[in-house]
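*Asks:* Take the sequence shown: its letter number 25 is residue 25 in my numbering, and every next letter is one higher.
These are calculated hints, taken from the structure and not from any lab test.
Beta carbons are placed, not taken as given, at the ideal position from N, Cα and C, and that holds for glycine.
Treat the hints with care, since some could be wrong.
The calculated label-pair distances, taken between Cβ atoms and stated as ranges, are [claimed, not checked]:
hint: 1; residue 1: 24; residue 2: 64; range: 46 to 52 Å
hint: 2; residue 1: 4; residue 2: 24; range: 29 to 35 Å
hint: 3; residue 1: 42; residue 2: 70; range: 39 to 45 Å
hint: 4; residue 1: 45; residue 2: 70; range: 35 to 41 Å
hint: 5; residue 1: 74; residue 2: 44; range: 44 to 50 Å
hint: 6; residue 1: 29; residue 2: 69; range: 31 to 37 Å
hint: 7; residue 1: 65; residue 2: 27; range: 47 to 53 Å
hint: 8; residue 1: 19; residue 2: 43; range: 53 to 59 Å
hint: 9; residue 1: 47; residue 2: 3; range: 56 to 62 Å
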Amino acid sequence: MDLLAYFIIGSFILAILAHAFMGFAFFIALIVAAINFIFYPFIILVSLFIPKARTELKKTSEQYSNTVEQEIAAIKRISNNVKI
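Could you put together the complete structure from these sequences and hints?
*Replies:* Right, here's the structure in full:
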């Protein structure tokens, strides 16, 4: 009989805790929704400039690879001229 009472009391406590955590999760979701609502226009504005940044990054990497190829060619020319 005591076991049944513990089970009933424990289930009530778990139900209360579950409702508390559900309320807390709902509160967190409301905060996140408010933050998204405030910052979403800024996220859109930033995303408009991302393609431009990608093309600039691509140009920089192409310039770097061209410089590396020129350096390698210069080292090969020098090593061909040097005789040991």
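*Asks:* Within 44 to 50 Å: is that where the Cβ-Cβ distance between residue 74 and residue 44 falls?
*Replies:* holds, 47 Å
*Asks:* Just tell me: holds or violated, for the beta carbon distance of residue 42 and residue 70 against 39 to 45 Å?
*Replies:* Given range 39 to 45 Å: holds, Cβ gap about 42 Å.
*Asks:* How does the Cβ-Cβ distance of residue 45 and residue 70 compare with 35 to 41 Å: does it lie in that range?
*Replies:* Taking Cβ atoms as reference, residue 45 and residue 70 lie about 39 Å apart, which means the hint holds.
*Asks:* That 29 to 35 Å hint for residue 4 and residue 24 (C-beta), does it hold up?
*Replies:* holds, 31 Å
*Asks:* State, for the Cβ atoms of residue 47 and residue 3, whether the hinted interval 56 to 62 Å holds or is violated.
*Replies:* holds, 59 Å
*Asks:* Given the hint of 53 to 59 Å, check if residue 19 and residue 43 actually sit that far apart at their C-beta atoms.
*Replies:* violated, 34 Å
*Asks:* Starting from the range 46 to 52 Å, see whether the pair residue 24 and residue 64 falls in it by beta-carbon distance.
*Replies:* holds, 50 Å
*Asks:* Taking the Cβ atom of residue 65 and the Cβ atom of residue 27, is their distance within the range 47 to 53 Å?
*Replies:* The hint (47 to 53 Å, Cβ to Cβ) holds, given that residue 65 and residue 27 are roughly 52 Å apart.
*Asks:* Honestly, do residue 29 and residue 69 meet the 31 to 37 Å range at C-beta?
*Replies:* violated, 53 Å
Consistency note: the structure conflicts with the earlier hints numbered 6, 8.
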